[in-house]
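Enquirer: Each chain, written out:
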Amino acid sequence: MADAISVIQPPTVEIAPRQKKPRGEVIVFGNWCKGCGLCVEFCPTGVLALDEADHPVVVKPENCTGCHWCDTHCPDMAIVVRRIE
Amino acid sequence: MAEHILDAHELDVDEIRIPRENWFESSETLQKLRKNKKFPTIWCAGCGNGIVMGSLIRAIEHLGLSNDEVALVSGIGCAGRMPVYMDFNTLHTNHGRALAFATGLKIARPDMKVIAIMGDGDALAIGGNHFIHAARRNIGITSIVINNAIYGMTGGQYSPTTPIGKQATTAPYGNIEPSFPLCELAIAAGATYVARSTVYHVLELDKYIEAAIRKDGFSLVEAVSYCHTTYGRLNKFGTAPEMMRDLKKNSISKAAYEKLSAKRQAGNSKIVRGVLHVNDEREEFTKLCRKLTEQAQGGGRQ
Amino acid sequence: MAVSLMQGNEAIGWGALAAGCRFFAGYPITPSTEIAEMLSRELPKVGGTFIQMEDEIASMAAIIGASVGGLKAMTATSGPGFSLMQENLGYAAMTEVPCVIVNVQRLGPSTGRATAGSQGDVMQARWGTHGDHPIIAISPTSVRQSFDLTIKAFNLSEQYRTPVILLTEAIIGHMREPVDLPEFETLEVVERVVTSSPDEYVPFSNEMGDVPPLAGFGQGYRYHITGLFHDQMGFPTQRLDEINPWLERVNNKLNNHLDEIVMVEEDIQEDATVAIVAYGASARSARHALKVARSQGHRASMLTLLTIWPFPEVQVEKLGERVERVIVPEMNLGQLALEVERMVGRRKVVRVNRADGEMVTPQMILDAIEG
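Protein chains in written order, with this note's numbering: chain W, 1084 to 1168; chain V, 189 to 490; chain B, 56 to 426.
None of these hints come from the bench; they were simulated from the model. Misleading hints may appear alongside valid ones.
Claimed, not checked - Mimicking SDA-like on lysine to any residue, the simulated pairs with C-alpha atoms at most 20 Å apart in a straight line are: (1) V:Lys226 <-> B:Leu283; (2) V:Lys225 <-> B:Tyr256; (3) V:Lys479 <-> B:Glu97.
What the hints assert, rightly or not - Pairwise CB distance ranges, derived in the manner of DEER restraints: (4) W:Leu1133 <-> V:Arg324: 34 to 40 Å; (5) V:His250 <-> B:His312: 46 to 52 Å; (6) B:Glu243 <-> V:His465: 30 to 36 Å; (7) V:Arg421 <-> B:Arg294: 29 to 35 Å; (8) B:Ser138 <-> V:Glu365: 24 to 30 Å; (9) V:Gly362 <-> B:His312: 54 to 60 Å; (10) B:Lys100 <-> V:Arg324: 24 to 30 Å; (11) V:Glu365 <-> B:Leu393: 25 to 31 Å; (12) V:Ser254 <-> B:Ala169: 47 to 53 Å; (13) V:Lys451 <-> B:Lys100: 57 to 63 Å; (14) W:Glu1108 <-> V:Arg402: 45 to 51 Å; (15) W:Lys1103 <-> V:Ala376: 47 to 53 Å.
All values derive from a computational prediction rather than experimental measurement. Even glycine gets a Cβ: it sits at the ideal position worked out from N, Cα and C.
Next up, chain W with everything else stripped away, as it sits in the complex (with noise of 0.2 Å):
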């Protein structure tokens, strides 16, 4: 690997980032989710709604802040968040 060649950086700005709500993203796994709805009657933003198989889907996925309740309860590990910076 040819020696890294150094390239003088131009100094970068500290700019304050405005202090951005956390976001998350949810992820659900239909053969694992047996229907019971605990995700969708505790989602603090509404980012889930039941569909006619009495599933969760996400409806309103900006809501999300990655709180974590969904998937900290869910019985059946059937629902995943992810942080997204």
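Since chain W is already given, all that's left is putting chains V and B on it; use the hints.
Expert: This is chains V and B only, laid out in the frame that chain W set:
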């Protein structure tokens, strides 16, 4: 995102499904599940047992324990079916006898973290004798009692924690037997860490289970749960979400409880959540056994 | 070791230590308590652990737990406790976890006569726990044999991954005889060996012969044990294509090795017309009766059963073909006699029974020989 309801993968990896590793690394809860066991679990939709399992896994993750040093021992009942789903040394024993089996295992392998998982009937009715003696000995076993106040597996008979007056398939005229205060029972018998929370307050459970495992001695975590399939239906408590909401409504933190006046404390019917007892003086039983062998091998007094 | 005057129960304790037992869980009960007392003193000296559990159910559970943890484990009890142990004994049979249960029988049923001997638990040893299951039960006839058969019990339990019952009683348990125990190092002791690596390990394999090796917990083998019907990995199953192979293997793993499991002592006279089939304390009376009968000119043979279960069918049937009458003395109202009758035909068997707590006397057997 709505339309991307992903086909959950079967845990035994096969190509058309999503292999576990790439999707689940973000969730601690899933790391300790068994690779070669079929999911989903056998529990009813919405049952609190799965929530306790997630909490137990997160507690073990946070403690950084290796899978080899953990042994789960369970009795018979819905709670008894939990260990099989996790990638530890798992022993599914007889109804009520988890703590007796676990005592032998802990003595044989004092270096292992031995965790007993029981239901309320399992631990306090048929298992009551072993419960108080394991606590009396202060043997290094973490016992998790999932208290849903009913025998769920067998269809809804009343248990030692079913409240008076409530319906069960064997209490058609309303239960007339008072309940066991299992935390006070464990404290009185000698347990050196006792905490209680509910499956609604699962992050509290995570904390208490982690502390209970770390504690060197007999520790009890009472995880108050619900059974909407039998107990809930017989007493018209509604669905799993409704019974979950009741847990939130009918519980109070220990700190808040202690602020109540003596009179209101006496009249309190809410579940008190918190660390109820810690004793750091008592030595753990297998350590006493080792001292005894050292004494015997050193030609000590018989 | 030097000759010493030793109690039967104590010899059982030494046998356990010689066999490598390092865990005992028990509960006080006459006439077996001396075993617990002896081991509470000797086990710690060899780095083992003694624990007095809250009852016999817990004692049986604890020895299975310790065995799963990698220790050779034993409990000792008598009738009432043995009855309490049945469910967990069945669990050990279902999960194929080695362990040894000593039953120092006393006169039952119920409280009965605690200090009086009996052979009344023979059928309970076979069928005490519910469901079809394999079991080994062996019975000593002397203090020295109590030592030897305890070691044999551990070796058989490890070899066949099964609970083994040492069926003795108050007489041999409490009596003393001079014994010269061998040096422990000279004894043949079976140890657990696991050959496959953790990720290939199949704890209940039907493809590794009759008895797959048992890996202890905490050694990297992280597998599941359950009392439910299970597949080869130990996971619960309802599938018949997984249940039947298990039934086939587990319920034949002893039948395929009777040559190593069934132990008898034969004292055959070629032209004998009568034979005695006896075990345990009753064999002592029978041996005396045999000597007297022969001195009086009777042609008589004797078969002493050291293995009670699996029943020694071949040996008893062969004996039956050579004589007209088979005398079966027992300190019960006829239990193993049923098995003898099954093998030699009911008409040939002369039962000599006593269930009041006293031994069947040589004279009772002699009367039967003279018939």
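Enquirer: If a hint holds in the structure, say so; if it does not, say that too.
Expert: Structure-based check of all given hints:
1. At most 20 Å may separate the alpha-carbon atoms for a hinted pair to count; lysine 226 (chain V) and leucine 283 (chain B) meet this at roughly 16 Å.
2. Restraint check: the Cα-Cα separation between lysine 225 (chain V) and tyrosine 256 (chain B) comes to about 15 Å, which is no more than 20 Å; the hinted pair holds.
3. Between lysine 479 (chain V) and glutamate 97 (chain B), the direct Cα distance comes to roughly 15 Å. Compliance with the 20 Å bound is thereby established for this hinted pair.
4. For leucine 1133 (chain W) paired with arginine 324 (chain V), a C-beta distance near 49 Å fails the hint of 34 to 40 Å.
5. For the pair histidine 250 (chain V) and histidine 312 (chain B), the beta carbons lie near 49 Å from each other, so the given range of 46 to 52 Å is met.
6. Between glutamate 243 (chain B) and histidine 465 (chain V) the C-beta distance comes to about 52 Å, which lies outside the given range of 30 to 36 Å.
7. Restraint check, arginine 421 (chain V) to arginine 294 (chain B): a C-beta distance of roughly 31 Å satisfies the suggested window 29 to 35 Å.
8. Serine 138 (chain B) and glutamate 365 (chain V) have their C-beta atoms about 28 Å apart, which keeps the hinted 24 to 30 Å range intact.
9. One distance hint, 54 to 60 Å for the beta-carbon pair glycine 362 (chain V) and histidine 312 (chain B), holds here, with the actual separation near 58 Å.
10. A C-beta distance of roughly 26 Å is found between lysine 100 (chain B) and arginine 324 (chain V), which places it inside the suggested range of 24 to 30 Å.
11. Separated by about 45 Å at the C-beta atoms, glutamate 365 (chain V) and leucine 393 (chain B) break the suggested range of 25 to 31 Å.
12. Checked against the given bound of 47 to 53 Å, the beta carbons of serine 254 (chain V) and alanine 169 (chain B), roughly 49 Å apart, stay inside it.
13. The given range of 57 to 63 Å is respected by lysine 451 (chain V) and lysine 100 (chain B), whose C-beta atoms sit roughly 59 Å from each other.
14. Checked against the given bound of 45 to 51 Å, the beta carbons of glutamate 1108 (chain W) and arginine 402 (chain V), roughly 33 Å apart, lie outside it.
15. Restraint check, lysine 1103 (chain W) to alanine 376 (chain V): a C-beta distance of roughly 52 Å satisfies the suggested window 47 to 53 Å.
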